[in-house]
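Visitor: In case you want the letters, here they are:
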Amino acid sequence: METIAVELRQFVVDNYLFGRAGDLSYDSSFLESGIVNSTGMLELIAFVEQTYAIQVEDSELLPENLDTISKLAKFVRTKQRMAKSAN
Amino acid sequence: MISRLRHRGPDEADVWTRGEAGLAHARLSIIDVAGGHQPMCAEDGSQVISFNGEIYNYLELREELIAKGHCFKTRSDTEVLLHLYAEDGPDCVQRLNGQWAFAVWDGAQRRLFLSRDRLGVRPLFYCEHQGSLRFASEVKALFADPTVPRQLDLQALADVFTFWFPLAPKTMFQKIRELPPGHSLTWDDGKLRIWPHWSLEYAPDEPGKRDERDYAQELWELLVDAVRLRLRADVPVGTYLSGGLDSSLITAIVRKCSNAHLRSFSVTFDEAEFDESHYQDEVVRALGTDHQKAHCTATDIARSFPDVIWHTEKPVLRTAPTPLFLLSRLVRDSGFKVVLTGEGADEILGGYDIFKEAKIRAFWASQPESRWRSLLLRRLYPYLPKVQQQSEAFLRAFFRVKPEHLSSPFFSHLPRWEMTSKLKLFFSDAVAAELDAYQPIEEMARSLPAHYNEWNRFCQAQYLETMHLFPGYILSSQGDRVAMGNSVEVRLPFLDPRVVAFAARIPPRLKMKVLTEKYILKCCAAGVVPESVRTRHKQPYRAPQGNCFVQAGAPEYVGELLSPERLRQDGIFCPDAVGKLRQKFQAGRGISVQDNMALVGIVSSQLLIDQYLRPFSRLDVHLRKQPEPGGLDGNYCRGVAAVRS
Numbered sequence: 001m002e003t004i005a006v007e008l009r010q011f012v013v014d015n016y017l018f019g020r021a022g023d024l025s026y027d028s029s030f031l032e033s034g035i036v037n038s039t040g041m042l043e044l045i046a047f048v049e050q051t052y053a054i055q056v057e058d059s060e061l062l063p064e065n066l067d068t069i070s071k072l073a074k075f076v077r078t079k080q081r082m083a084k085s086a087n
Numbered sequence: 088m089i090s091r092l093r094h095r096g097p098d099e100a101d102v103w104t105r106g107e108a109g110l111a112h113a114r115l116s117i118i119d120v121a122g123g124h125q126p127m128c129a130e131d132g133s134q135v136i137s138f139n140g141e142i143y144n145y146l147e148l149r150e151e152l153i154a155k156g157h158c159f160k161t162r163s164d165t166e167v168l169l170h171l172y173a174e175d176g177p178d179c180v181q182r183l184n185g186q187w188a189f190a191v192w193d194g195a196q197r198r199l200f201l202s203r204d205r206l207g208v209r210p211l212f213y214c215e216h217q218g219s220l221r222f223a224s225e226v227k228a229l230f231a232d233p234t235v236p237r238q239l240d241l242q243a244l245a246d247v248f249t250f251w252f253p254l255a256p257k258t259m260f261q262k263i264r265e266l267p268p269g270h271s272l273t274w275d276d277g278k279l280r281i282w283p284h285w286s287l288e289y290a291p292d293e294p295g296k297r298d299e300r301d302y303a304q305e306l307w308e309l310l311v312d313a314v315r316l317r318l319r320a321d322v323p324v325g326t327y328l329s330g331g332l333d334s335s336l337i338t339a340i341v342r343k344c345s346n347a348h349l350r351s352f353s354v355t356f357d358e359a360e361f362d363e364s365h366y367q368d369e370v371v372r373a374l375g376t377d378h379q380k381a382h383c384t385a386t387d388i389a390r391s392f393p394d395v396i397w398h399t400e401k402p403v404l405r406t407a408p409t410p411l412f413l414l415s416r417l418v419r420d421s422g423f424k425v426v427l428t429g430e431g432a433d434e435i436l437g438g439y440d441i442f443k444e445a446k447i448r449a450f451w452a453s454q455p456e457s458r459w460r461s462l463l464l465r466r467l468y469p470y471l472p473k474v475q476q477q478s479e480a481f482l483r484a485f486f487r488v489k490p491e492h493l494s495s496p497f498f499s500h501l502p503r504w505e506m507t508s509k510l511k512l513f514f515s516d517a518v519a520a521e522l523d524a525y526q527p528i529e530e531m532a533r534s535l536p537a538h539y540n541e542w543n544r545f546c547q548a549q550y551l552e553t554m555h556l557f558p559g560y561i562l563s564s565q566g567d568r569v570a571m572g573n574s575v576e577v578r579l580p581f582l583d584p585r586v587v588a589f590a591a592r593i594p595p596r597l598k599m600k601v602l603t604e605k606y607i608l609k610c611c612a613a614g615v616v617p618e619s620v621r622t623r624h625k626q627p628y629r630a631p632q633g634n635c636f637v638q639a640g641a642p643e644y645v646g647e648l649l650s651p652e653r654l655r656q657d658g659i660f661c662p663d664a665v666g667k668l669r670q671k672f673q674a675g676r677g678i679s680v681q682d683n684m685a686l687v688g689i690v691s692s693q694l695l696i697d698q699y700l701r702p703f704s705r706l707d708v709h710l711r712k713q714p715e716p717g718g719l720d721g722n723y724c725r726g727v728a729a730v731r732s
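Chains A and B, in that order, are what the protein sequence lines are. The numbering used here numbers the first residue of the first sequence as 1 and each following residue consecutively. The numbering used here numbers the first residue of the second sequence as 88 and each following residue consecutively.
Hints were generated in silico from the structure; no laboratory data involved. All of these numbers come straight from a predicted model, not from anything done at the bench. Idealized CB from N, CA, C, for every residue including glycine. Careful, some of the hints might be misleading.
Simulated pairs of lysine to aspartate or glutamate, DMTMM-like, Cα-Cα distance not exceeding 25 Å [claimed, not checked]:
id: 1; chain 1: B; residue 1: K511; chain 2: A; residue 2: D23
id: 2; chain 1: A; residue 1: K79; chain 2: B; residue 2: E456
id: 3; chain 1: B; residue 1: K509; chain 2: A; residue 2: D23
id: 4; chain 1: B; residue 1: K509; chain 2: A; residue 2: E7
id: 5; chain 1: B; residue 1: K667; chain 2: A; residue 2: D14
id: 6; chain 1: B; residue 1: K489; chain 2: A; residue 2: D23
id: 7; chain 1: B; residue 1: K473; chain 2: A; residue 2: D58
id: 8; chain 1: B; residue 1: K509; chain 2: A; residue 2: E64
id: 9; chain 1: B; residue 1: K473; chain 2: A; residue 2: E2
id: 10; chain 1: B; residue 1: K473; chain 2: A; residue 2: E43
id: 11; chain 1: B; residue 1: K489; chain 2: A; residue 2: E32
id: 12; chain 1: B; residue 1: K509; chain 2: A; residue 2: E57
id: 13; chain 1: B; residue 1: K667; chain 2: A; residue 2: E57
id: 14; chain 1: B; residue 1: K667; chain 2: A; residue 2: E43
id: 15; chain 1: A; residue 1: K71; chain 2: B; residue 2: D657
id: 16; chain 1: B; residue 1: K489; chain 2: A; residue 2: E64
id: 17; chain 1: B; residue 1: K473; chain 2: A; residue 2: D14
id: 18; chain 1: B; residue 1: K473; chain 2: A; residue 2: E57
id: 19; chain 1: B; residue 1: K511; chain 2: A; residue 2: D27
id: 20; chain 1: B; residue 1: K262; chain 2: B; residue 2: E541
id: 21; chain 1: B; residue 1: K489; chain 2: A; residue 2: D27
The following label-pair restraints were derived from C-beta to C-beta distances [to be verified]:
id: 22; chain 1: A; residue 1: S25; chain 2: B; residue 2: D663; range: 17 to 25 Å
id: 23; chain 1: A; residue 1: E32; chain 2: B; residue 2: A641; range: 30 to 38 Å
id: 24; chain 1: B; residue 1: G277; chain 2: A; residue 2: S33; range: 45 to 53 Å
id: 25; chain 1: B; residue 1: E360; chain 2: A; residue 2: S33; range: 27 to 35 Å
id: 26; chain 1: A; residue 1: A83; chain 2: B; residue 2: L535; range: 30 to 38 Å
id: 27; chain 1: B; residue 1: Q670; chain 2: A; residue 2: S33; range: 48 to 56 Å
id: 28; chain 1: A; residue 1: S25; chain 2: B; residue 2: A641; range: 35 to 43 Å
id: 29; chain 1: A; residue 1: G19; chain 2: B; residue 2: L700; range: 23 to 31 Å
id: 30; chain 1: A; residue 1: T3; chain 2: B; residue 2: G646; range: 30 to 38 Å
id: 31; chain 1: B; residue 1: P651; chain 2: A; residue 2: E32; range: 47 to 55 Å
id: 32; chain 1: A; residue 1: S59; chain 2: B; residue 2: L700; range: 50 to 58 Å
Negatives, chain A to chain B, calculated, CB over 10 Å [stated by the list, open to error]:
id: 33; residue: R20
id: 34; residue: S25
id: 35; residue: E49
id: 36; residue: I54
id: 37; residue: F75
Given the sequences, and given the hints that come with them, work out the whole structure.
Guide: Below is the structure:
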């Protein structure tokens, strides 16, 4: 598994599951499983912005981008690519 | 045993024993201070009563009983209750307007009768042990007998980490049961019988029959009379004044009913998000009360929390009982024993956000693709910035209706219970394994009344709040237990049985008109309380939460109870998970509602274990320090009362 996804998983396990990963997979839905609540979502966004030096726009705050570790990792990679090509 | 309850009745205490039965009583003297001594015996000695509470319509009942030939020696409501029992037997409770937990020993029948008020304002616990029945207002008294086993009930713990309270009749202790609200009990020749003496029923809506002014007028008249009856006392009566609609209205009615100097009391906080001083000041100015404030800091909460859990006798997921404990201390120190409060209005008249949330979710679920309908979600929880900051897509995702929820009898409450249940991930592996087959929500489903499925969703949600969360948490942990911890009695006009019955007949469409909560009550309050208070959005009472226990200068007990060694010894919570939770708080970012509930729930559970279950606990020290009043032979089952079969 690529680094970003592993790092994101670790953040989720530490901050929302307190080390008890259980059956959390890279494709577990945060919303369906109730792992990440409204405060957690804001925290998760702040974490990816800070860690990966990206800016998440309001219009990008969608479950399609943020609802699983895999989707979030893909979203981060896309944003990083976009930032690189803009430079 | 009775000495354990001295805080509930510091004015006098006595015991009565005869043959196989014994009753004991600690009295908080309020009505007929000189004459209302307890336990009280009937003139012919056939019956004896121990009564905790108040019967507000005792003067009317007394007149009726005199007309039937009864003679009274005192002016107390206790004697009225004793005569009423002699007249009507167990059915006497149908006549009572009040809050009660009482026991009558009928010597001729060799039968014990216990009863608890309709909504459970007054607590009552019992324990069948070694062929006897013991009962008391608080569990700690039952543990005065060292042979009563002290073991944590893990299913009750799972209930708390789902609903916020143990499902009655469970308590946090395996051998101890609660007499549920609205129930009576007999112990007759060793046989226990329990039955409901009251149930909450909602009337079907009859559109066009009455208009809203008509409902508001009748509610007003009932509330005025409920307050009038609750001012009956031979000691001064004050009010709680939170700055919200309910307590402001009750205080305003007291003002109308009495010309006496009126004292009011409130809690204030440093944090603007919790503090309601501005509204309190406005009501005080409008009503001219003599007002006192108990200012409560996060440090105060952390310091007093062990005392609070000592009194609640169950874990809590919020610190909210603690400021109320400090408030009742201020009341006591001001020379008051009795306060009227606004509790109950949100339950019976539709004030809580959970009712609004369910209404919006149901409205949206009928057309799930509608964007306009989901925009109403912005109307929810205006006092929670983290909810308001969400994008529209995530707001929809958080509040969306799962298909399986639509047909659930718990439509309104499932999201909340599912969220709270997530906290069970902190349970140790052993506890999780023990609870593997236990499903609290299924157990709740089994307790629903026969007509539940015929009521509309709003009434179903009201039922769950009124009959479960209210007695299980609000009336106990935020009510009687923290008030009586400082020898203060709370009286609740909204729980007058006439008000409760009337409210159950108000159609839900008028209780919450569109999205205006407590609409009929707001109509009642027009011109009576300041307009800014009458029309403000309902702000639930909240207090500083988990940070109290991790901030600099937090009391030492927190570190001790949450240390990996102690957690391992007690065996209830996973030390690693609790350690990560503490780290998250110490890092100080992204603390959610669940995180707060988890930390408060874990600290309070550990305090309960520490104070009640560990060797050399606070309970043991308490038992050693306070000798029993004389008069009970060691062979008797002792307590507020005890009866051997």
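Visitor: Hints the structure violates: just list their numbers, smallest first.
Guide: 2, 9, 12, 13, 15, 20, 26, 27, 31, 33
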